[in-house]
Structures are given as C-alpha cells and as structure tokens.
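Novice: What follows is the residue order along each chain.
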Amino acid sequence: GENVEQHPSTLSVQEGDSAVIKCTYSDSASNYFPWYKQELGKGPQLIIDIRSNVGEKKDQRIAVTLNKTAKHFSLHITETQPEDSAVYFCAASKTGTASKLTFGTGTRLQVTL
Amino acid sequence: GAGVSQSPRYKVAKRGQDVALRCDPISGHVSLFWYQQALGQGPEFLTYFQNEAQLDKSGLPSDRFFAERPEGSVSTLKIQRTQQEDSAVYLCASSLAGGLGGETQYFGPGTRLLVL
Chain A
5 GENVEQHPST
15 LSVQEGDSAV
25 IKCTYSDSAS
35 NYFPWYKQEL
45 GKGPQLIIDI
55 RSNVGEKKDQ
65 RIAVTLNKTA
75 KHFSLHITET
85 QPEDSAVYFC
95 AASKTGTASK
105 LTFGTGTRLQ
115 VTL
Chain B
136 GAGVSQSPRY
146 KVAKRGQDVA
156 LRCDPISGHV
166 SLFWYQQALG
176 QGPEFLTYFQ
186 NEAQLDKSGL
196 PSDRFFAERP
206 EGSVSTLKIQ
216 RTQQEDSAVY
226 LCASSLAGGL
236 GGETQYFGPG
246 TRLLVL
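Those protein sequence lines, which keep their order, are chains A and B. Sequential numbering from 5 applies to the first sequence in the working numbering. Sequential numbering from 136 applies to the second sequence in the working numbering.
With the rest of the complex left out, here is chain A:
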C-alpha cells in the first residue's frame, strides 16, 4: 500500500519567515495530495490540495509543489504568523479506490514572535 513520509517533525520559525514542509510518497498511482492543518483538540482542516496534472498551486501565503518523477510534494508558507502555529499533515490518495487518504506523520510548526 501507499506510504507517505513527512519531514521535519518539528519546525520553529520567526514570525514573517517562510516555512517549508516536505513529503514523499511511494505509490506512483497516487494522484491527489491534500494538506491539512490540525489545531489542538480539533479535526484536520484542508488548507490546500494539488492533483497530479498540476505542478504547483498557490493560495495567498500558501503554496504546494509536486514533483511526480521524484514522488515528492512540498508545502510552502510565506510571511508566517502566530496563528499558523499548528500540526500540518500531508496526505495522498488515488482515483478508483475509496479515496482513502494515507497521511504523513505530521509537522508541528511553531511561529515565534
């Protein structure tokens, strides 16, 4: 089955700096890659996603890049703010199945003042 690896496990940045989180996946058939933000005591919330026919997608301060050849994708957050502090998860799934998501192990992002 699919295996998703995520790093770093923790990331501390100063407010205003950029943060980058990287993930690799094992199943070349995977074609949908969402990123979720999870705050303490809450369920994961989708922040951005990308499909395999696109190499990059941007939404305000958040961008995601996908390299299908290398089977890795990354989340970029620019101009970080304290409210960006949370745990971020990458995930992968493929068409034709139940769309079950395989998640990475998470990155705890801390944005300091």
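No lab work stands behind these hints, which were simulated from the structure alone. The structure presented is a predicted model; accordingly, all values stated were derived computationally and were not measured. For each residue, glycine too, the CB sits at the ideal point set by N, CA and C.
Sample of chain B residues facing chain A (criterion: CB under 7 Å; computed from the structure):
(1) T239
(2) G243
(3) G245
Below, a list of computed lysine-lysine pairs in the BS3-like style, where the Cα atoms sit at most 30 Å apart:
(4) B:K192 - A:K98
(5) A:K98 - B:K213
(6) A:K98 - A:K72
(7) A:K72 - B:K192
(8) A:K41 - B:K146
(9) A:K46 - B:K146
(10) A:K72 - A:K61
(11) A:K98 - A:K75
(12) A:K26 - A:K62
(13) A:K98 - A:K41
(14) B:K146 - B:K213
(15) A:K46 - B:K149
(16) B:K192 - A:K41
Starting from the known structure of chain A, arrange chain B on it as the hints suggest.
Specialist: The following block gives chain B in isolation, referenced to the frame of chain A:
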C-alpha cells in the same frame, strides 16, 4: 452550513467495555470515512461508506471493530471489549461525491477515547 459533528467528544471506558461513537456527516454527502489517530501520529484509515454500503473495511484493526451507516447518513463506529491499545482519537470525515478520487474530505472534531 453545519460541518461534520461527532459525539461524544470524550469517552472514558474500562477495559472490556463496549463503546459506540457517532458521526453526523455534512448533509447530502455520499462518502463517509472513519480514521484512527494515535497520539502524535497522522490519521489512519479504518473504513469507508458510500451511502449505506460499506465498500472498504480494510483498515479495521480487528473483528472487535464494527461500523455501520444504515440509512446512508449517520454512522456509528462500535468497539467491543475495548483494550488499552484502542485509546486514540477517532475521526470521521465526509465528502460530497462517490469516492472516486480527489474530493475534499471534511473532518469532524473527533472522539477522544481513553481505555483504562
């Protein structure tokens, strides 16, 4: 509109007890997923429903775990004879379409289960 809701939010059970966890998906959503999230880990898939049909239960860890969605809306995850290793957050997610791929899954807040 209302998101995915789950109840109870917290459940403490003694080892050996049976528990039932409820999920109310977003109205009209065809697909419903259950995930288990251990402390400090990412969610792991348990089972999937398309309307009332349970199409994938490959992630259920043992036959003590049972899920149903009899009318294609509310779902219940039941754990029989709970064990300490069942302690985790149980997340429910729903998506609008039939689970063919690439649809956004909307997660509920989860039920935190602690087995003593």
